[in-house]
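Chemist: Single-letter residue listing:
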Amino acid sequence: MSKYMYIEALRMALQEEMRRDKNVFVMGEDITRYGFGANRGLVDEFGPERVRNTPISEGAIIGSAVGAALRGMRPVAEIMFVDFIMIGMDQIVNQAAKMSYLSNGELSVPMVIRAPEGSEWFGGGAQHSQTLHSIFMNIPGIKLVIPSNPYDAKGLLKSAIRDDNPVLFFEHKQLYTQKGEVPEDDYTIPLGKASIKKEGTDITVVATSWMVKHSLEAAEELKDKISIEVIDPRTLVPLDKNTIIDSVKKTGKLLVVDESPINGGVQGEIVSAVLEESFWNMEFPPKRLGSLNTPIPFSGSLEKEVIPTKEKIKKEILNICSS
Amino acid sequence: MAINKEQKIRMLKTMSKIRIFEDMLQKIYRDGKLDGHLHTSHGQEAIAAGVMEALSEKDIIFSNHRGHAHFLARGTSPRRIFAECYGKVTGTNKGRSGSMYLVDTKRGMPVASGIVGGNICVATGSALASSIKKDNAVTISFFGDGATNIGFFHESLNMASLWNLPIIYICENNQYGEATKREEHQKIKRISDRASAYSMPGITVDGTDVLKVYKSIKDIVDKARKEGGPTLVEYVVYRLRGHSAGDVGPYRPKKEEEEWNEKHDPIRKYKEELIKQKVLDNPEIEKIEDGLQKEIEEAVSFALGSGDPLAETVSKYVYSEDENNE
Numbered sequence: 001m002s003k004y005m006y007i008e009a010l011r012m013a014l015q016e017e018m019r020r021d022k023n024v025f026v027m028g029e030d031i032t033r034y035g036f037g038a039n040r041g042l043v044d045e046f047g048p049e050r051v052r053n054t055p056i057s058e059g060a061i062i063g064s065a066v067g068a069a070l071r072g073m074r075p076v077a078e079i080m081f082v083d084f085i086m087i088g089m090d091q092i093v094n095q096a097a098k099m100s101y102l103s104n105g106e107l108s109v110p111m112v113i114r115a116p117e118g119s120e121w122f123g124g125g126a127q128h129s130q131t132l133h134s135i136f137m138n139i140p141g142i143k144l145v146i147p148s149n150p151y152d153a154k155g156l157l158k159s160a161i162r163d164d165n166p167v168l169f170f171e172h173k174q175l176y177t178q179k180g181e182v183p184e185d186d187y188t189i190p191l192g193k194a195s196i197k198k199e200g201t202d203i204t205v206v207a208t209s210w211m212v213k214h215s216l217e218a219a220e221e222l223k224d225k226i227s228i229e230v231i232d233p234r235t236l237v238p239l240d241k242n243t244i245i246d247s248v249k250k251t252g253k254l255l256v257v258d259e260s261p262i263n264g265g266v267q268g269e270i271v272s273a274v275l276e277e278s279f280w281n282m283e284f285p286p287k288r289l290g291s292l293n294t295p296i297p298f299s300g301s302l303e304k305e306v307i308p309t310k311e312k313i314k315k316e317i318l319n320i321c322s323s
Numbered sequence: 001m002a003i004n005k006e007q008k009i010r011m012l013k014t015m016s017k018i019r020i021f022e023d024m025l026q027k028i029y030r031d032g033k034l035d036g037h038l039h040t041s042h043g044q045e046a047i048a049a050g051v052m053e054a055l056s057e058k059d060i061i062f063s064n065h066r067g068h069a070h071f072l073a074r075g076t077s078p079r080r081i082f083a084e085c086y087g088k089v090t091g092t093n094k095g096r097s098g099s100m101y102l103v104d105t106k107r108g109m110p111v112a113s114g115i116v117g118g119n120i121c122v123a124t125g126s127a128l129a130s131s132i133k134k135d136n137a138v139t140i141s142f143f144g145d146g147a148t149n150i151g152f153f154h155e156s157l158n159m160a161s162l163w164n165l166p167i168i169y170i171c172e173n174n175q176y177g178e179a180t181k182r183e184e185h186q187k188i189k190r191i192s193d194r195a196s197a198y199s200m201p202g203i204t205v206d207g208t209d210v211l212k213v214y215k216s217i218k219d220i221v222d223k224a225r226k227e228g229g230p231t232l233v234e235y236v237v238y239r240l241r242g243h244s245a246g247d248v249g250p251y252r253p254k255k256e257e258e259e260w261n262e263k264h265d266p267i268r269k270y271k272e273e274l275i276k277q278k279v280l281d282n283p284e285i286e287k288i289e290d291g292l293q294k295e296i297e298e299a300v301s302f303a304l305g306s307g308d309p310l311a312e313t314v315s316k317y318v319y320s321e322d323e324n325n326e
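Note that the protein sequences, when read in sequence, are chains S and L. Here the first sequence stands for residues 1 to 323, where the numbers follow the working numbering. Here the second sequence stands for residues 1 to 326, where the numbers follow the working numbering.
Here chain L is said to cover these stretches of chain S; the calculated rule only asks that three of the stretch's residues, wherever they fall, bring their Cβ under 8 Å from a Cβ of chain L: (1) 59 to 71; (2) 106 to 117; (3) 139 to 149.
Here are some chain L residues the structure puts well away from chain S; computed CB gaps all over 12 Å: (4) Lys13; (5) Gln175; (6) Arg182; (7) Tyr251; (8) Glu272.
Simulated from the structure, these hints should not be mistaken for laboratory data. A virtual CB, placed ideally from N, CA and C, is assigned to each residue, including glycine.
Modelling step: build the complete structure from the supplied sequences, incorporating the hints.
Modeler: What follows is the structure, encoded as structure tokens:
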């Protein structure tokens with residue numbers, strides 16, 4: 001098996017799915033010529049009809065993807081930065097998410113919105129570095145995928161494209177250049193199945209997206225003292241609660257690390273979902289780690305104060321496990 | 001453009017059915033026996049009737065919160081719409097919508113948008129699908145004058161023009177965005193003038209004259225089907241009733257309302273025209289209206305006699321595949 005970058009794994013998934021199903025097409029701003037490049041080169045094989053550069057119109061990009069999906073296409077819309085998704089929010093929340101329910105399943109919206117999110121000295125500042133996925137966990141009718149490595153990215157994107165629901169697929173910018181083994185053949189990873197990235201017995205660390213790497217490094221550095229289990233939910237909707245609950249019943253301790261701001265965030269949702277089932281197994285109060293409730297500042301020295309880092313994760317683990 | 005007798009009578013029946021349906025709906029609502037947000041199309045019936053007459057079965061229509069007329073004109077049974085307004089399991093959406101988000105997939109009508117301007121981008125995507133699939137379907141997006149101030153209007157018309165999409169944007173300019181007179185929410189005189197900003201054709205037509213509506217749209221539909229490309233069509237009408245069923249419109253000058261009701265009621269005008277053209281006489285029209293009245297009364301009975309949706313179905317189809325429901 002060869003190693004590929006995360007961005008290349010995404011491109012492989014898009015290419016394979018476009019070959020597999022003529023209804024799959026991609027669109028977004030400057031996707032053939034600029035930006036992070038997941039769609040780069042696809043136009044040569046599939047032509048401009050199926051690889052569409054769009055005007056800077058996030059409402060129309062998302063909304064027209066909804067409409068095309070209603071008519072049997074499988075659009076994969078790219079939003080250049082997740083921050084820009086807010087412009088098309090109505091089309092996701094009021095249109096895409098409601099079609100199946102309001103039509104009693106007669107209509108479906110098989111679309112994917114891909115968008116880069118997250119920070120860590122990308123230098124984007126307050127409107128180009130946010131982690132917004134928590135917001136979407138509160139909207140029934142959409143699925144939410146946040147892969148943490150190239151292998152998962154390819155398998156999950158293929159599943160997302162084949163899924164009959166609107167799927168938000170958020171990719172951490174830091175991950176794009178990360179390399180990992182990716183099979184060149186067709187494989188999918190089901191939405192709603194967590195992955196135990198490292199087994200352990202002392203504490204369960206649930207980490208998402210870019211935070212998986214930090215958590216695995218923290219686990220490695222603390223391995224002589226603490227046996228850490230690292231679980232990546234991979235999809236937040238549907239959320240594989242059982243894998244996490246089983247782990248917590250074993251370890252009795254829980255830390256949830258996600259780059260979203262803490263208030264109303266994914267971290268709290270996971271903690272409470274787990275506690276409802278495993279409260280009496282807990283040996284120590286669960287802990288949430290996320291971004292401060294602060295916009296992302298530009299300066300690197302400020303930014304690292306806001307977002308979770310490996311050092312912060314280690315500190316939390318030590319705090320929980322040394323009590 | 002020749003319009004045959006059968007078409008002329010069909011359009012009258014459609015318009016009258018809409019009026020009788022909505023009169024009944026409004027009455028029941030005002031008697032306090034119906035819930036929800038009901039937006040009627042009094043004064044706008046000729047648009048729905050004329051446009052639908054020009055469409056083919058394969059065409060796709062995106063309706064909005066003021067949508068009963070569109071669905072009735074397309075052939076959705078009044079029984080199912082009434083049942084939906086009562087929240088019954090026999091309704092178009094099995095009680096999940098009420099009046100605002102009707103659906104009829106068998107007639108090419110996806111879920112209507114209750115968000116002003118919300119369907120404009122989605123309809124544009126439907127036309128994009130037709131453009132890629134080359135299926136010769138034309139997509140219609142219905143919205144009001146208020147929606148032309150929403151950003152999605154601009155984004156969509158630009159995109160449809162750029163990509164030559166087979167879509168017709170139909171603005172039912174009823175001269176009020178909720179309670180705000182059009183002159184107070186936009187400065188342009190003709191909404192169709194905005195089409196020139198997107199290098200697309202734009203026309204303004206009297207929307208109270210069903211024959212004019214049909215004639216104006218027929219060629220545009222045919223052109224969109226053959227050559228692709230969007231058009232912005234503005235039909236000028238007057239909302240003869242309030243914004244919603246409970247609204248008696250105290251913000252509108254009485255004189256203005258009276259004048260439009262007396263001079264521009266599309267149904268009264270059309271009946272006079274049909275009599276003048278000797279297509280129908282008064283007794284024949286009365287007979288048609290009596291039949292429709294009975295049909296609507298029967299629809300109400302059907303709705304009232306229908307069951308409520310079952311509680312255990314409440315979370316079905318939140319997601320397309322049931323087993324993945326969270």
